[in-house]
Amino acid sequence: MIEAQINYIAEAFLYMNQNHIRSIEIKQDVHEKFNENLQLKLKKTVWQKGGCHSWYQDAKGNNTSLWPDFTWIYILLLKNFDYENYICRT
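With positions in the sequence shown counted from 1, the corresponding number in this note's numbering is that position plus 43.
The hints are simulated quantities; they were obtained by calculation from the structure and are not laboratory data. Among the hints, erroneous ones may be present.
To be verified - Computed cross-link-like contacts, DSBU-like style, restricted to lysine-lysine with a CA-CA straight-line distance of at most 30 Å:
hint, residue 1, residue 2
1, 103, 76
2, 70, 122
3, 103, 87
4, 76, 92
5, 70, 87
6, 86, 103
7, 84, 122
8, 70, 103
9, 122, 87
Only a predicted model underlies this, so the values are computations on that prediction, with no experimental measurement involved.
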């Protein structure tokens, strides 16, 4: 999974360099939608069911550490840098 992250970041840097962008920031609505879907999937996992508490969860009970799906889905999601999901500043 780290390889997919590195490739995504490298693509982001390339896009930024080619378009003279100094910084990028994920759009709030994109972040919220992604996290909402992620937490819904996580609710079905052993780490979230049955009232269990662990270091995987934050103070609100959200799991911020684990990926709740297949690795290949994670890789597909990071296959291409989606610049339209970011606020790009020159």
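Comparing the hints with the structure gives:
1. Taken as a hint, the residue 103 and residue 76 pair is honoured in the structure, with Cα atoms around 18 Å apart against an allowance of 30 Å.
2. Taking the CA atoms of residue 70 and residue 122, the gap is about 19 Å. The hint holds against a cut of 30 Å.
3. Only pairs whose Cα atoms come within 30 Å are accepted, and residue 103 paired with residue 87 is accepted, the gap being roughly 17 Å.
4. Distance restraint check for residue 76 and residue 92: the Cα-Cα separation of roughly 22 Å lies within the 30 Å cut-off, and the hinted pair is therefore satisfied.
5. Straight-line distance between C-alpha atoms of residue 70 and residue 87 comes to about 27 Å, which keeps the hinted pair within the 30 Å bound.
6. Distance restraint check for residue 86 and residue 103: the Cα-Cα separation of roughly 13 Å lies within the 30 Å cut-off, and the hinted pair is therefore satisfied.
7. For a cut-off of 30 Å, the pair hint linking residue 84 to residue 122 stands: about 21 Å separates their Cα positions.
8. Restraint check: the Cα-Cα separation between residue 70 and residue 103 comes to about 23 Å, which is no more than 30 Å; the hinted pair holds.
9. Only pairs whose Cα atoms come within 30 Å are accepted, and residue 122 paired with residue 87 is accepted, the gap being roughly 26 Å.
This entry satisfies every hint, going by the numbered hints stated previously.
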